[in-house]
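J.: Sequence:
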Amino acid sequence: MGDLRKRTCMYYLKDAGKMLLMAIGIEAIIVVEQIILSLGEEDSISSMFTSAIVLFGMFILLLNSIYAMYGPAWTDSIVLSMGARRSDIFVGSILKEITFVGAGLIILLAACFLTANYDLIFYSIYVCIASLVLSGIARIIGHKIKKFGKIAIMVFAVICSIFGIVVGMSMALDGFIFDWFKFSVNTSVLTWGVLLIIYGILQDIVYRLNRKARVQ
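Mapping to our numbering: the sequence shown position 214 is 214, numbers consecutive.
Honestly, the hints are just simulated from the structure, not real lab data. Ideal placement from N, C-alpha and C gives every residue a C-beta, glycine not left out. Take the hints with a grain of salt, since some may be wrong.
To be verified - Below are the EDC-like pairs computed for lysine to aspartate or glutamate, each with C-alpha atoms no more than 20 Å apart in a straight line:
| id | residue 1 | residue 2 |
| --- | --- | --- |
| 1 | Lys14 | Asp3 |
| 2 | Lys144 | Asp204 |
| 3 | Lys146 | Asp204 |
As the list claims (entries may be wrong) - Derived CB-CB ranges, DEER-like:
| id | residue 1 | residue 2 | range |
| --- | --- | --- | --- |
| 4 | Arg211 | Ile35 | 42 to 52 Å |
| 5 | Ile30 | Leu109 | 33 to 43 Å |
| 6 | Val189 | Ile78 | 33 to 43 Å |
| 7 | Phe113 | Ser47 | 14 to 24 Å |
| 8 | Gly102 | Ile201 | 14 to 24 Å |
Go ahead and model the full structure; you've got the sequences and the hints to work with.
T.: In structure tokens, the structure reads:
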């Protein structure tokens, strides 16, 4: 690996570290707030741990998508201005996503085992893999934002909002997504494989779009 690519990868790795610290910081603030509000209540600690794990998973999903969407117009442009090649920013962005999501998954799984929330193990894995897929979509949207402007952001936000509301309500009612999907061993391996294949396809599209990347 050349010095230029090493510097580029280090830049993206530092970005991943900043994202992780941001997620941990926001989570810590919310946990402290919950502790203060639930003082004296029975079973408050158990419910607090559960909600903390769920929220941290959502932060991983949200931050990874946001940074991916603004990557082409923001981070990638900065790195290109430093002399990096288009192939370098492609490798660096994938490294950042995998590092951030991987570290987040380790934290989530550790929290599940330490707090005996074993039923959230599959949730943790799903939300992390889903965040990779969504980051691929977000990077494609990010390239379109560079071309078409803020209208692309509005369309993306509306689609994500509608999807999130439908999924959230469905799971809150009966634990299923669209009445056919449930976090279980029977569907896990196949679903993870499909999601990772989709992520690979999305990255191929991103690679093609990166060929036209330039400093803004």
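J.: Taking the hints in turn, state whether each one holds.
T.: Each hint tested on the structure:
| no. | hint | in the structure |
| --- | --- | --- |
| 1 | Lys14 <-> Asp3 | holds (16 Å) |
| 2 | Lys144 <-> Asp204 | holds (16 Å) |
| 3 | Lys146 <-> Asp204 | holds (19 Å) |
| 4 | Arg211 <-> Ile35: 42 to 52 Å | holds (50 Å) |
| 5 | Ile30 <-> Leu109: 33 to 43 Å | violated (20 Å) |
| 6 | Val189 <-> Ile78: 33 to 43 Å | holds (39 Å) |
| 7 | Phe113 <-> Ser47: 14 to 24 Å | holds (18 Å) |
| 8 | Gly102 <-> Ile201: 14 to 24 Å | holds (21 Å) |
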